[in-house]
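Once you've looked at the hints, dock chain C against the given chain B.
2 protein chains.
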Amino acid sequence: MNAQIVTIGDEILIGKIVDTNSAWLGNELTLSGVKVQKVSSITDNEDDIKLALKKALEETDLVILTGGLGPTKDDITKKAIADFMGQEMYFEEALFDKIKAYFKRRGIPMVDAHRLQCFMPQGVRLLENQMGTAPGMLFEKEGKYILSMPGVPYEMKWIFDNSFKPVLKEMLPDGLYIYHKTIKTVGIGESRIAEMILDISDTLPSDISLSFLPSLGSVKIRLTKKSESNPKQEIDTYINRLTERLGSYVFGFNDLSLEEALLRDFSEKELTLAVAESCTGGLLSHKITSIPGSSKYFLGGVVSYANEVKENQLTVSKSTLINYGAVSEETVIEMLNGILNLMNPSVGIAISGVAGPGGGSKEKPVGTIWMAWGSKENQKTYKLSLAKDRLKNIEYATVFAMNQLRLFIKDL
Amino acid sequence: MNAQIVTIGDEILIGKIVDTNSAWLGNELTLSGVKVQKVSSITDNEDDIKLALKKALEETDLVILTGGLGPTKDDITKKAIADFMGQEMYFEEALFDKIKAYFKRRGIPMVDAHRLQCFMPQGVRLLENQMGTAPGMLFEKEGKYILSMPGVPYEMKWIFDNSFKPVLKEMLPDGLYIYHKTIKTVGIGESRIAEMILDISDTLPSDISLSFLPSLGSVKIRLTKKSESNPKQEIDTYINRLTERLGSYVFGFNDLSLEEALLRDFSEKELTLAVAESCTGGLLSHKITSIPGSSKYFLGGVVSYANEVKENQLTVSKSTLINYGAVSEETVIEMLNGILNLMNPSVGIAISGVAGPGGGSKEKPVGTIWMAWGSKENQKTYKLSLAKDRLKNIEYATVFAMNQLRLFIKDL
Numbered sequence: 001m002n003a004q005i006v007t008i009g010d011e012i013l014i015g016k017i018v019d020t021n022s023a024w025l026g027n028e029l030t031l032s033g034v035k036v037q038k039v040s041s042i043t044d045n046e047d048d049i050k051l052a053l054k055k056a057l058e059e060t061d062l063v064i065l066t067g068g069l070g071p072t073k074d075d076i077t078k079k080a081i082a083d084f085m086g087q088e089m090y091f092e093e094a095l096f097d098k099i100k101a102y103f104k105r106r107g108i109p110m111v112d113a114h115r116l117q118c119f120m121p122q123g124v125r126l127l128e129n130q131m132g133t134a135p136g137m138l139f140e141k142e143g144k145y146i147l148s149m150p151g152v153p154y155e156m157k158w159i160f161d162n163s164f165k166p167v168l169k170e171m172l173p174d175g176l177y178i179y180h181k182t183i184k185t186v187g188i189g190e191s192r193i194a195e196m197i198l199d200i201s202d203t204l205p206s207d208i209s210l211s212f213l214p215s216l217g218s219v220k221i222r223l224t225k226k227s228e229s230n231p232k233q234e235i236d237t238y239i240n241r242l243t244e245r246l247g248s249y250v251f252g253f254n255d256l257s258l259e260e261a262l263l264r265d266f267s268e269k270e271l272t273l274a275v276a277e278s279c280t281g282g283l284l285s286h287k288i289t290s291i292p293g294s295s296k297y298f299l300g301g302v303v304s305y306a307n308e309v310k311e312n313q314l315t316v317s318k319s320t321l322i323n324y325g326a327v328s329e330e331t332v333i334e335m336l337n338g339i340l341n342l343m344n345p346s347v348g349i350a351i352s353g354v355a356g357p358g359g360g361s362k363e364k365p366v367g368t369i370w371m372a373w374g375s376k377e378n379q380k381t382y383k384l385s386l387a388k389d390r391l392k393n394i395e396y397a398t399v400f401a402m403n404q405l406r407l408f409i410k411d412l
Numbered sequence: 001m002n003a004q005i006v007t008i009g010d011e012i013l014i015g016k017i018v019d020t021n022s023a024w025l026g027n028e029l030t031l032s033g034v035k036v037q038k039v040s041s042i043t044d045n046e047d048d049i050k051l052a053l054k055k056a057l058e059e060t061d062l063v064i065l066t067g068g069l070g071p072t073k074d075d076i077t078k079k080a081i082a083d084f085m086g087q088e089m090y091f092e093e094a095l096f097d098k099i100k101a102y103f104k105r106r107g108i109p110m111v112d113a114h115r116l117q118c119f120m121p122q123g124v125r126l127l128e129n130q131m132g133t134a135p136g137m138l139f140e141k142e143g144k145y146i147l148s149m150p151g152v153p154y155e156m157k158w159i160f161d162n163s164f165k166p167v168l169k170e171m172l173p174d175g176l177y178i179y180h181k182t183i184k185t186v187g188i189g190e191s192r193i194a195e196m197i198l199d200i201s202d203t204l205p206s207d208i209s210l211s212f213l214p215s216l217g218s219v220k221i222r223l224t225k226k227s228e229s230n231p232k233q234e235i236d237t238y239i240n241r242l243t244e245r246l247g248s249y250v251f252g253f254n255d256l257s258l259e260e261a262l263l264r265d266f267s268e269k270e271l272t273l274a275v276a277e278s279c280t281g282g283l284l285s286h287k288i289t290s291i292p293g294s295s296k297y298f299l300g301g302v303v304s305y306a307n308e309v310k311e312n313q314l315t316v317s318k319s320t321l322i323n324y325g326a327v328s329e330e331t332v333i334e335m336l337n338g339i340l341n342l343m344n345p346s347v348g349i350a351i352s353g354v355a356g357p358g359g360g361s362k363e364k365p366v367g368t369i370w371m372a373w374g375s376k377e378n379q380k381t382y383k384l385s386l387a388k389d390r391l392k393n394i395e396y397a398t399v400f401a402m403n404q405l406r407l408f409i410k411d412l
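From first to last, the protein sequence lines are chains B and C. No gaps in the numbering here: position 113 of the first sequence is 113 in our numbering, and each next residue is one more. No gaps in the numbering here: position 257 of the second sequence is 257 in our numbering, and each next residue is one more.
Same shape as in the complex, but just chain B:
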């Protein structure tokens, strides 16, 4: 089964929003064995929607539309579909009752736009949406399908997961396997990896595809094979060889994030962590706590943005700040000892740098970031020399910090 994803809305074309829905859908469909041929974004003009539907249905079995449904004026997708299918609109009483009940429960006044939402093209199969007022809509046309969902990501995801997946299962034939596995690395670049694994990648069978996915500070390596017999074992053998070769650069597999790897490693060793952040401003704490269960090892942190906070909460001495500056090895070591004494974790980390775009000097240009990490007994420091982009600097430093923590506790 093939699919195309079409997102509707000028907002995407003029760049006012990023289309995250297609990536999510692409992943879900691929894992379900549906091949996504194409993703496209079109304007929310009725004729463009009809033309896109026509073209896509010529090439594919399932067209998934997202966007263009909702209580405000810019809703025209429904009209375009009704017209394309040659159907009239009708008023869906049951939906109206549900929306009324929903607003009553939440104590919010209902507005006229919500009544208009209840007009539906004839022949639709409505798919429940517990996250909002616009249901998903499924249509069949000559053995092919159109699925239309609202563009709000959490509504779309809820409908797809809960209301559409059971239907999709019935649509799919049995017996085709797609298997992929991803190695997650951190602390090494794409080209260097390519070189390290060259002899393995050169002997990969041609039906196994290898791809690199670099992002700030980390690279994913993915192997994929599609076949009529289950390719899991073959892929896993290559994954094991690559993993062995890349050693401690590898922190996990598939969707495991670096944050999750930290939680895994700290929990395993029953260690705790506290952090002192200056230039990263809380992003390290946020990343760590973005995953459930992080309270198992993360005690907390101090965001010491102002120098007085470095002095008063983290006991950095005034003379260190004056003599060496807030961005220095001396300061991060004192910050580290400050947070170790304050919260008494097994391990701590301290970060202070010039994130930019201002604040740089000839001696300490934008992108200079000092870190110190370790326990009371064993401490390490490092100076990063990054580039000029503020957010990139903050994010890279955070990834670097998590990696150093991961490597540090390997030997504890």
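Please note that a few of the clues may not be correct.
Okay, derived cross-link-like pairs now, DMTMM-like style, lysine to aspartate or glutamate, Cα gap no bigger than 20 Å in a straight line [what the hints assert, rightly or not]:
1. C:35 with B:10
2. B:100 with B:142
3. B:296 with C:311
4. B:16 with C:311
5. B:38 with C:47
Which residues of chain B face chain C? A partial, calculated answer using Cβ under 10 Å [said to hold, decoys possible]:
6. 40
7. 46
8. 181
9. 278
10. 298
11. 301
12. 312
13. 315
Everything labelled a hint here was simulated from the structure, so no lab data went into it. Quick caveat: nothing in here was measured; it's all calculated off a predicted structure. Yeah, the Cβ is synthetic: ideal placement off N, Cα and C, and Gly gets one too.
Just chain C now, kept in the frame of chain B:
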């Protein structure tokens, strides 16, 4: 001038990465007066790339390809373009010298893949890339253009901004105006806004388009007009009417973020801020410090994830934690006073809640988040009752917190 954006890579189709490049390009092109007709993502198969180039060039003046360039094996875009243009490849010595120098400067060994990168299709105009080793490539074919850039966002952006924009300027005809302005609101839903402004939106001229862009906790309202005379004044008049109607829900215009509005408002009143975060785990601090200049008002914060940190650093009393729990009005008030005493800011905020998915109880289900904010003299509290998604809860609470801070200091 029309354009289509084509992103290359299976990674997008199978959902392993989100295409943020297209949104960025869409915005840049729109602001330059280029209409983006379509955005699409295709596989990194050579034939698919050639077919996409052919189709797009039939419909449009400028095709922008991103992705499929880089030092690792999955680079085939260049070959597809060379073939499509009917050109041979040649070795670009100057590029090779530059890459060699770059690696020497950074002290990183150069690998073979970087040499292969220096083969280029004849007839190319190379566009400098100071962020990486693969330059942008511009081709002309019968008065139409193909621009190909690497997919790594900061490389692509650098090339577009610095190397392509000056060229684009020469391509464009003079005299067509596209003007849009966006009102940024927070603390009110899309439907409610639609109702509040109904009489204004109903009388909008048909050539002015109105759209709503909801995201977690905030909604943008955008007016657009394209015309041969400058529509700025007309749009601004309607923007003023809408802004007046929506009152304090409006925090700014266009690309101004809520974080930037906070910086603006706090700086204007010369106030300072410190935060105490439990369930938001540092995201509030991160958002605040994600923009340059935030050190003007942001002193710092404590991420009090463990109860001991609430007790020891924020002086929340043990009895409060035992009698009312960490997620309670009593606790956030003590956390607020703790951070006010600790860092002595003009204003503070404290947040404690059950972000989920675990940790909920019948009395305090997942999504229960208490906040307290204010100065030593004047404090407010609020209980949010959110849903089940951890990250959504953390993000919504952060937006809510920033909005309460914004509203609180209005009267100071």
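Going down the list of hints, with the structure as the test:
1. The straight-line distance between the Cα atoms of residue 35 of chain C and residue 10 of chain B is roughly 10 Å, inside the 20 Å bound, and the hint therefore holds.
2. Of the supplied pair hints, the one linking residue 100 of chain B and residue 142 of chain B is violated, its CA atoms being roughly 35 Å apart against a limit of 20 Å.
3. Under the criterion of a C-alpha separation no larger than 20 Å, the hint pairing residue 296 of chain B with residue 311 of chain C is consistent with the structure, at around 18 Å.
4. Between residue 16 of chain B and residue 311 of chain C the alpha-carbon distance is near 44 Å, which puts this suggested pair outside the 20 Å criterion.
5. Proximity of residue 38 of chain B to residue 47 of chain C is assessed by CA-CA distance (about 14 Å); at most 20 Å being required, the pair is judged to hold.
6. At a threshold of 10 Å, the smallest CB-CB gap from residue 40 of chain B to chain C is about 4 Å, leaving the interface hint in force.
7. Interface hint status for residue 46 of chain B: violated, as the beta-carbon distance to the closest one in chain C is roughly 14 Å, over 10 Å.
8. The interface hint given for residue 181 of chain B is broken, as the beta carbon of that residue sits about 12 Å from the closest beta carbon of chain C, more than 10 Å.
9. A least Cβ separation of about 8 Å between residue 278 of chain B and chain C falls short of the 10 Å threshold, and the interface hint therefore holds.
10. The beta carbon of residue 298 of chain B is positioned within 10 Å of a beta carbon in chain C (closest approach about 5 Å), and the interface hint is therefore held.
11. A least Cβ separation of about 4 Å between residue 301 of chain B and chain C falls short of the 10 Å threshold, and the interface hint therefore holds.
12. With 10 Å as the threshold, the beta carbon of residue 312 of chain B comes within range of chain C, its nearest partner Cβ sitting at about 8 Å, so the hint holds.
13. Checking residue 315 of chain B against chain C by beta carbon gives a least distance of about 13 Å; that is not within 10 Å, so the hint is violated.
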